[in-house]
Amino acid sequence: MTNRKESFYIQNFMNKRFVVTFLVGSAMLAASCNSGSIRRNPGKIYAPDMTYSRAYDAYTENPNFEDGLTSREPVAGTIARGHDLPLHLTAADTGAYYALQSPYKFTEGEMAEGTRLYNIYCGVCHGDKLDGNGPLYKDGSGPFAAAPANLKGGAAYLTMPIGKMYYAIVYGKNMMGSYASQLNVKQRWQVLAYIKQVQSKNGGAPFTLAAGSTAATDTAAAKGAVAAKDTTVAKK
Amino acid sequence: MALIAVLTVFGSFTQANAQDGKALFQANCASCHNPIKDATGPALQGITGRAPSTEWIHKWVKNSAAVIASGDKYANGIYTKWNKTAMTAFPNLKEEEIDAIIKYVEEYKPPTTTPSGGDTAGSPAKEADNTWLYVLVTIVLAVLALILIRINKGLHKVANTEQGIPNKKDVPLKRNKVFIAVVGILLFILAGYWMVNGGVEMGRQQNYMPKQPIFYSHKVHAGINQINCQYCHAGVNDSRQAMIPSTNVCMNCHKQIGEYTGEQLFDHEGNKIDGTAQIQELYKYAGWDPAKKEYKRDNQGKILATPIKWTKIHNLADFVYFNHSQHVRVGKVQCQTCHGPIQEMDEVKQFESLSMGWCINCHRETKVDFQNNNYYSIFEKYHQEIKDGKRDGVTEAELGGLECQKCHY
Chain A
6 MTNRKESFYI QNFMNKRFVV TFLVGSAMLA ASCNSGSIRR NPGKIYAPDM TYSRAYDAYT
66 ENPNFEDGLT SREPVAGTIA RGHDLPLHLT AADTGAYYAL QSPYKFTEGE MAEGTRLYNI
126 YCGVCHGDKL DGNGPLYKDG SGPFAAAPAN LKGGAAYLTM PIGKMYYAIV YGKNMMGSYA
186 SQLNVKQRWQ VLAYIKQVQS KNGGAPFTLA AGSTAATDTA AAKGAVAAKD TTVAKK
Chain B
2 MALIAVLTVF GSFTQANAQD GKALFQANCA SCHNPIKDAT GPALQGITGR APSTEWIHKW
62 VKNSAAVIAS GDKYANGIYT KWNKTAMTAF PNLKEEEIDA IIKYVEEYKP PTTTPSGGDT
122 AGSPAKEADN TWLYVLVTIV LAVLALILIR INKGLHKVAN TEQGIPNKKD VPLKRNKVFI
182 AVVGILLFIL AGYWMVNGGV EMGRQQNYMP KQPIFYSHKV HAGINQINCQ YCHAGVNDSR
242 QAMIPSTNVC MNCHKQIGEY TGEQLFDHEG NKIDGTAQIQ ELYKYAGWDP AKKEYKRDNQ
302 GKILATPIKW TKIHNLADFV YFNHSQHVRV GKVQCQTCHG PIQEMDEVKQ FESLSMGWCI
362 NCHRETKVDF QNNNYYSIFE KYHQEIKDGK RDGVTEAELG GLECQKCHY
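Protein sequences appear in the order of chains A and B. Take the first sequence: its position 22, counted from the start at 1, is 27 in my numbering, and no numbers get skipped. Take the second sequence: its position 65, counted from the start at 1, is 66 in my numbering, and no numbers get skipped.
No wet-lab data here; the hints were simulated from the structure. Glycine residues also receive a C-beta, built at the ideal position from the N, C-alpha and C atoms. Among the hints, erroneous ones may be present.
[Claimed, not checked] Computed list of lysine-lysine pairs in DSS-like fashion (alpha-carbon distance at most 25 Å, straight line):
#	chain 1	residue 1	chain 2	residue 2
1	B	Lys285	A	Lys49
2	A	Lys178	B	Lys303
3	A	Lys134	B	Lys313
4	A	Lys110	A	Lys143
5	A	Lys178	B	Lys313
[Said to hold, decoys possible] Residues on chain A that point at chain B, a partial pick, calculated with CB under 8 Å:
#	residue
6	Phe27
7	Asn67
8	Thr75
9	Pro148
10	Leu163
11	Met165
12	Met180
13	Gly182
14	Val190
15	Gly208
[As the list claims (entries may be wrong)] Just so you have them, the derived chain B footprint on chain A, three or more residues with Cβ under 8 Å:
#	stretch
16	78-85
17	92-102
18	193-202
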């Protein structure tokens with residue numbers, strides 16, 4: 006009896022059941038396309054040309070240039086707006102570099118910014134305390150094998166001319182790489198001002214880069230060196 | 002008696018020397034040398050076996066240039082091998098001090114890192130185990146409940162027949178009209194929810210975790226080694242783009258760090274990743290020759306580097322304007338607010354949906370850094386109201402953060 010009932014039931018409801026199952030199944034399928042956990046593909050989108058820019062954006066590949074990059078280097082001989090004038094010095098002009106002095110005097114806010122920049126770009130090796138013991142070195146147990154300079158304690162660094170430090174930021178020194186691509190000219194001097202400020206409290210020369218402090222430095226000499234270099238470049 | 006005194010003095014002296022070796026090494030040598038890794042100069046362990054004699058090492062440390070100039074064959078050999086990098090002269094180091102340094106270097110053992118790779122391997126599996134456990138428990142409980150209901154029904158029937166009350170006609174559950182109606186409505190709601198949700202979610206890319214050309218772990222860099230986000234994404238403060246670092250930024254550290262020594266890395270599928278091989282992969286892009294320790298250059302001196310083609314994860318539609326500096330510098334929003342706990346991700350995924358609702362919601366709820374911010378100095382009314390104590394802050398929405406053309410133009 007149950008058998009007959011059941012077969013009757015199946016015949017009668019088969020279509021409906023099928024429809025419901027189909028609907029639910031397809032809905033689940035649609036939902037699973039674009040939801041849930043980690044996925045390796047970006048999924049489907051309604052309008053690809055609106056979602057992915059057709060115009061060349063900063064990092065899109067660009068077939069119009071040989072190297073395929075959309076971001077271009079500045080045109081030779083031009084300076085981007087708001088950027089400093091070039092020094093016309095090369096890596097070989099160590100003498101002129103070492104004689105450089107900061108063209109800036111910094112306000113308190115700018116000094117704070119210098120501290121922030123130092124902690125981001127330098128502190129990871131030279132340490133937040135400038136003791137040459139940042140998280141990448143950690144007394145030799147970090148991944149970086151060479152000990153970073155102890156900017157606060159090392160006698161060589163306390164007396165190092167600021168221009169020589171500037172040179173190290175631009176071109177790197179020993180195992181330190183160049184930071185010219187991460188710090189612009191003003192930021193480099195801001196970082197150096199912070200370092201010199203801390204050094205002045207630890208036995209270094211008196212700090213002179215704050216706004217209002219009198220410049221007892223030989224800026225003129227440095228300018229002279231740069232100017233001399235400029236003329237030689239011009240002659241070439 | 003005197004002899005003993007001399008001996009003890011001498012003994013303590015040498016002991017002090019051995020301990021000083023580390024300090025002397027750190028102070029004088031460590032910026033260019035590592036005991037076991039090549040840095041600016043060669044790894045020093047085994048130097049007593051390599052160098053001609055201890056006297057030679059003394060002479061070399063005190064004035065390497067003089068040793069090279071004297072035409073010493075071994076000296077000239079290493080000088081040329083290390084690209085003619087001159088070693089700083091240390092005329093002030095005493096011979097005992099140099100010996101102490103050598104002793105320290107020869108006895109140096111790398112700090113042991115406890116291999117806890119097994120743990121990291123186990124943790125995702127454990128999570129999965131838990132889910133299954135919950136499912137199992139639920140099923141068991143459901144079956145139990147069903148059995149109890151059945152038994153209850155059976156007992157009820159038996160009780161009814163004993164008391165002579167006629168049992169209700171047994172309608173099978175699948176023909177019970179109420180049951181069919183409830184299930185039907187439920188299914189309809191569920192299906193509707195799934196469909197609508199699927200439709201809305203389509204085009205959003207939450208949890209998108211593409212495979213990248215190099216297995217770069219943000220966890221290792223930003224988490225374990227505490228490198229600031231801005232070290233690499235230097236443009237985030239000044240630009241619309243956060244900036245993807247070019248390979249020269251990687252090489253600031255990886256000139257030195259050529260092998261991965263941390264915990265075993267795994268990708269999302271659980272495959273083991275060889276960190277050292279990934280760094281070698283970086284060297285190929287950066288044009289760095291790890292054997293010679295210098296960049297490969299073309300005949301004009303340009304480094305032969307090619308950019309890494311990272312796969313973009315966070316993609317906003319072309320008609321949405323988003324500016325990183327606006328949020329990070331002015332709004333002082335933390336990276337993790339939108340990108341999630343990036344310092345814990347081996348592989349980065351899109352943490353948030355980046356839907357418009359999500360943006361708007363944050364604009365409505367977030368109070369901006371209003372008072373100490375030059376950017377907002379023109380909003381005099383709000384400043385006055387804060388001064389009068391009428392409001393305690395200003396949300397982004399109140400500064401026009403809900404206007405269409407703020408982001409769509």
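(message) Does lysine 313 of chain B sit within 25 Å of lysine 134 of chain A, going by the straight-line distance between their CA atoms?
(response) This hinted pair is violated, its Cα atoms lying about 36 Å apart.
(request) Please count how many residues of the stretch 78-85 of chain A have a CB within 8 Å of a CB from chain B and say whether that reaches 3. (result) violated (count 0)
(message) Hint validation: proline 148 of chain A versus chain B, beta carbon distance must be below 8 Å. Holds or violated?
(response) holds, 5 Å
(request) Tell me if leucine 163 of chain A is really an interface residue toward chain B, meaning its C-beta lies closer than 8 Å to one of theirs. (result) violated, 14 Å
(request) Would you check whether asparagine 67 of chain A satisfies its interface hint, that is, whether its CB is within less than 8 Å of any CB in chain B? (result) violated, 12 Å
(message) So if I understand the rule, the pair passes when the alpha-carbon distance is 25 Å or less; does lysine 178 of chain A with lysine 313 of chain B pass?
(response) violated, 34 Å
(message) Given a cut of 8 Å on the nearest C-beta pair, is the interface hint for methionine 180 of chain A held or broken against chain B?
(response) Nearest chain B Cβ about 5 Å off; hint holds.
(message) Let's test the interface hint: is any C-beta of chain B closer than 8 Å to that of threonine 75 of chain A?
(response) Nearest chain B Cβ about 11 Å off; hint violated.
(message) Using the nearest Cβ pair, does glycine 208 of chain A come within less than 8 Å of chain B?
(response) violated, 16 Å
(request) Against chain B, run the beta carbon of glycine 182 of chain A and see if the smallest gap drops under 8 Å. (result) holds, 3 Å
(message) Next pair to validate is lysine 178 of chain A with lysine 303 of chain B; report whether the Cα-Cα distance is within 25 Å.
(response) holds, 19 Å
(message) Is the interface hint satisfied for valine 190 of chain A? The criterion is a beta-carbon contact with chain B at less than 8 Å.
(response) violated, 14 Å
Going down the numbered hints, you'll see the structure goes against 1, 3, 4, 5, 6, 7, 8, 10, 11, 14, 15, 16, 17, 18, while the others check out.
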